[in-house]
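Visitor: This is what each chain is made of:
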Amino acid sequence: MKLKKNIALSDTGFVFDPSNGNSFSTNPIGLEIIQLLKQNKTQSEIETKILSTYEVDKNTFEKDYYDFVNMLGKLKLNAADEKD
Amino acid sequence: MKKVQYERPVIQRLNVGLMNKYGSRTEFTPVTQIDGNAVAQLITQYGSPLFVISERTIRQTYRQANRAFKTRYPKVQFAWSYKTNYINAVCNVFHQEGSWAEVVSGFEYSKAIYNGVPGNKIIFNGPDKSAEELKLAIENNSLIHIDNLDELYTINDLASTLTKRPRVAIRVNMDTGVYPMWDRFGFNYENGEALDAINKIVLNNNMDLVGLHCHIGTFMLTPSAYAIAATKLSELAISIQKKHKKSIEYIDMGGGFASHNTLKGSYLQGIDASPGFDQYAEAICTSLLNAGFSEGELPLLILETGRALIDEAGYLLGSVISNKRLSDGRRATIMDFGVNILFTSFWYNHKISPAQPFSQYTEDTVIYGPLCMNIDVVRENIAFPALKKNDQVVVHTVGAYNMTQWMQFIAMRPAVVLIDMNDKPHLIRKRENINSVQNEEVMPDYLKDCLL
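First to last, the sequence lines map onto chains A and B.
In terms of the numbering used here, the first sequence is residues 1 to 84.
In terms of the numbering used here, the second sequence is residues 85 to 536.
Read the hints as simulated data drawn from the structure, not as lab findings.
Result set (DSSO-like, lysine-lysine): computed pairs, CA atoms no more than 30 Å apart in a straight line:
hint, chain 1, residue 1, chain 2, residue 2
1, B, 87, A, 58
2, B, 205, B, 327
3, A, 76, B, 408
4, B, 327, B, 159
5, A, 63, B, 473
6, B, 167, B, 219
7, B, 86, A, 49
8, A, 5, A, 58
9, A, 58, A, 74
10, B, 87, A, 63
As the structure is a prediction and not an experimental result, all values here were calculated from the model.
Produce the entire structure from the sequences given, and follow the hints as far as they go.
Guide: Shown next, in the form of structure tokens:
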């Protein structure tokens with residue numbers, strides 16, 4: 001998944017979408033995933049990073065990752081919703 | 085290097101300045117213990133879900149209620165409402181505190197006898213009393229609260245065949261200014277039915293009219309309604325004294341005091357909306373004291389409050405079965421308890437606390453039960469922390485009506501544990517198993533083979 005390029009992130013988990021003025025709040029792991037997505041990391045790279053940092057098994061994270069990425073889509077934060 | 089504790093990623097859109105139906109976060113600290121017993125340990129030992137009852141909370145609440153009334157009125161007697169929670173151990177905690185028993189069926193009457201309650205300390209209420217049950221109650225000197233004329237005539241007939249005189253009260257319904265008015269139980273005050281029934285009892289002279297009873301509603305948030313009821317019953321008692329030269333021994337105000345649960349649709353949390361015992365006591369006792377009873381004629385005040393005495397003492401422990409995302413983006417969390425054992429979730433927004441540490445991040449969540457039924461919703465909207473499979477939760481204020489109205493539907497009923505005054509847990513009702521259901525079924529011979 002590719003995020004919109006101009007999404008603004010704060011260190012505390014505040015997410016701002018300047019294209020429509022919407023703002024969001026995410027937890028530390030959500031922030032970390034968004035940062036990795038902004039760096040164009042693949043799902044596999046993100047998974048490796050998270051599994052090495054957090055106490056979580058692969059299946060649990062995979063399930064939660066898909067759910068989170070779907071939510072980012074629902075909230076129109078993915079590049080597909082970006083206007084040229 | 086030690087890994088960081090995992091919490092699933094969550095993201096919430098911020099709606100500045102707008103209220104939403106999920107409200108704001110209500111849970112700030114996990115509830116890991118109940119009366120010194122770790123939630124995780126209780127679930128390991130007795131299974132999940134699990135009802136837990138705090139004996140300490142029962143006794144403290146009872147004493148608080150007792151004090152509120154006894155400091156305002158000289159003669160007060162509580163009677164434990166069996167239908168609210170008739171697990172024997174719970175009943176006997178109340179009986180040990182001095183409560184009589186208030187029962188509404190032959191089944192509950194048998195339970196009270198089984199628990200050792202003397203017959204003359206059992207109040208027999210309710211619209212369904214068979215002739216056999218009434219006969220037993222008469223022989224035991226129990227207080228029979230007459231609900232309708234058919235029952236009155238049955239008692240009258242029985243009385244002519246028995247040596248003991250029935251001790252009866254009539255159940256009176258009335259307008260106390262609240263809507264809906266409860267008029268299905270007993271005889272109406274305003275239209276004179278109540279006085280007619282009293283005249284029949286006194287003039288037939290086959291039984292002793294010893295009391296007057298009312299039960300004006302449930303989860304009553306207005307103490308003034310009790311003041312009106314107490315005034316009307318007092319007027320009735322005084323008119324009986326004048327007309328028949330007969331003193332009424334007691335006035336029974338029934339139950340209906342609210343607990344601290346939050347009713348669905350209520351703007352305020354239950355703890356802010358519900359009156360305390362002092363407010364109910366002030367309303368009732370002031371009315372009785374000002375009613376005009378002559379000195380020495382003040383009737384005994386009986387109270388059958390159930391919910392307000394037991395609700396806070398009950399907890400339901402449960403576990404997360406799964407998390408889902410609904411089509412509109414809402415989070416859905418499925419628990420291993422639902423409306424089958426938490427019947428009161430139809431009426432209340434129960435407070436639910438995680439039983440393990442969690443962060444401040446929440447999601448707009450619907451909490452479902454485990455039943456394969458669409459109605460199995462425990463909380464429609466709650467801002468809830470991100471829990472994962474097998475995480476545990478504590479549901480608060482579930483002591484009233486759940487352990488009597490629970491259903492053996494789709495799943496078996498869970499165990500119930502009582503934590504005593506020394507923080508020791510006791511199993512007071514076993515978890516049901518397949519035999520709990522199968523033992524009652526009878527298979528005709530020709531259906532014994534399913535032929536598959």
